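Q: For the record, the sequence lines run as chains A and B. The numbering of the first sequence is our numbering, which starts it at 1 and goes up by one. The numbering of the second sequence is our numbering, which starts it at 223 and goes up by one.
Everything labelled a hint here was simulated from the structure, so no lab data went into it. All values derive from a computational prediction rather than experimental measurement. A hint or two may mislead.
[What the hints assert, rightly or not] Taking lysine-lysine and the PhoX-like style, the derived pairs with C-alpha atoms no more than 25 Å apart in a straight line are:
1. 255(B) <-> 334(B)
2. 53(A) <-> 105(A)
3. 388(B) <-> 255(B)
4. 288(B) <-> 113(A)
5. 53(A) <-> 217(A)
6. 105(A) <-> 288(B)
7. 26(A) <-> 217(A)
8. 388(B) <-> 334(B)
9. 217(A) <-> 255(B)
Here is what each chain is made of, one letter per residue.
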Amino acid sequence: MSDPAAQKTPAVKEVLFGRANQKIFKDGLWDNNPITYQVMGICSALAVTTSVKTALVMSLGLIFVQGFSEAIIAALRNHIPARIRIIVMMSVVSAFVITLDLVLKAYFYSIWKQLTVFIGLIITNTLVVARLEGFAMHNPPWKSFLDGIGNAMGYGLALTAVSSLREVLGSGTLLGFHVLPRYFYDHGYSNNGLMLLSPGAFFVLGLLIWGHRTIAKYVEGK
Amino acid sequence: MIYYVNLLVKSIFIENILLVYFLGMCSFLGCSKRTDSAIGMGAAVIFISTVCTPACWVVKHFFLRKGGMAWAGLPGLDLSFLIFITFIAVIAAVNQLTEMIIEKFSPPLYNKLGIFLPLIVVNCAILGAAFFMDQREYTLTESLVWGFGSGTGWALAIVALATIRKRLGYSNIPGSLRGGGIAMIITGLMAIGFMCFSGISL
Chain A
1 MSDPAAQKTP
11 AVKEVLFGRA
21 NQKIFKDGLW
31 DNNPITYQVM
41 GICSALAVTT
51 SVKTALVMSL
61 GLIFVQGFSE
71 AIIAALRNHI
81 PARIRIIVMM
91 SVVSAFVITL
101 DLVLKAYFYS
111 IWKQLTVFIG
121 LIITNTLVVA
131 RLEGFAMHNP
141 PWKSFLDGIG
151 NAMGYGLALT
161 AVSSLREVLG
171 SGTLLGFHVL
181 PRYFYDHGYS
191 NNGLMLLSPG
201 AFFVLGLLIW
211 GHRTIAKYVE
221 GK
Chain B
223 MIYYVNLLVK
233 SIFIENILLV
243 YFLGMCSFLG
253 CSKRTDSAIG
263 MGAAVIFIST
273 VCTPACWVVK
283 HFFLRKGGMA
293 WAGLPGLDLS
303 FLIFITFIAV
313 IAAVNQLTEM
323 IIEKFSPPLY
333 NKLGIFLPLI
343 VVNCAILGAA
353 FFMDQREYTL
363 TESLVWGFGS
373 GTGWALAIVA
383 LATIRKRLGY
393 SNIPGSLRGG
403 GIAMIITGLM
413 AIGFMCFSGI
423 SL
């Protein structure tokens with residue numbers, strides 16, 4: 001799961017944003033994208049992508065939660081007993097999720113209403129758990145923080161792509177602004193309601209996975 | 223009575239937790255490569271979901287909701303912000319308990335379901351069912367029916383996908399579409415199939 005190059009701890013003091021750290025960051029963002037490559041954390045990727053706005057809020061929330069919980073777990077990694085590590089991870093993640101939930105509820109009430117249970121479900125987002133287990137348990141806090149931010153941004157990138165497609169095709173808008181010209185509608189074009197329903201989400205994500213894997217030349221199980 | 227049957231039908235078919243709310247996708251994709259592991263995982267989810275949703279209801283009703291601690295002489299206490307962390311703790315505890323009880327009383331069943339139980343803590347279908355129970359303010363009986371129904375709906379979907387994937391083994395799919403990509407598209411088609419149930423009420 002975790003990158004072998006990142007695991008060996010260098011003897012010399014490293015630059016804060018040196019090449020090795022940049023690689024950790026980039027790995028999650030593109031080469032090892034959590035959604036399209038690892039196929040993880042897709043529950044929320046499908047559910048919140050009916051509009052770009054909710055997808056962006058969700059991604060920012062995940063960047064916050066994942067970055068900080070990875071840093072904290074990495075700082076505690078030598079003190080966590082192996083048998084109860086899952087529940088320790090869940091507690092740390094839940095603490096950040098509660099913070100996020102209360103902040104959203106206080107300042108962005110309408111978006112919080114739309115996201116409903118999916119903020120709470122960040123706790124069981126397999127992406128968070130897998131990175132904590134696979135990376136933060138073996139690496140120092142700063143590296144883990146970068147890994148968390150990188151992966152969460154990769155997740156955000158995929159969410160933005162899915163939600164842009166779904167919003168444009170489903171309601172003809174992007175971030176709430178009409179982008180499709182009136183001309184189309186006058187000549188018989190109509191919004192595809194299926195894109196806003198669950199099958200549309202599955203299709204768009206399936207095609208996105210196909211697209212990214214074709215570019216990255218990755219074949220599963222080979 | 224008819225109300226509960228209606229809720230059951232709604233939670234299994236019309237509002238299928240996987241195909242409509244997308245919950246439990248990760249173990250859905252991970253455990254659907256073989257039919258027998260899909261059946262095992264499905265059975266484990268039905269069981270845990272049926273137990274956990276009412277258990278979360280009890281904890282919420284007597285401890286977390288506003289005024290819930292009135293029995294302890296603390297009527298003004300509102301602990302509802304602790305719902306996230308408590309529910310996941312309840313689910314983890316019930317899971318551990320189930321594992322120990324099954325291991326003690328039914329070793330053959332443990333051999334079948336044992337490997338799936340630890341995976342369920344991170345299955346968001348269970349936690350999601352508990353959150354929906356909280357959000358929709360179900361009663362105890364309703365949450366029991368809802369927990370059982372959503373677990374059954376999930377099991378139904380995973381067994382269906384596993385059998386479809388078995389047949390897919392014989393077809394020639396473009397390399398980069400194999401695995402995750404084609405599973406998503408099949409799930410989308412299944413979701414369209416389930417949409418025909420919408421609007422049914424007894």
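Q: Give me the numbers of the hints this structure contradicts, sorted from smallest to largest.
A: 5
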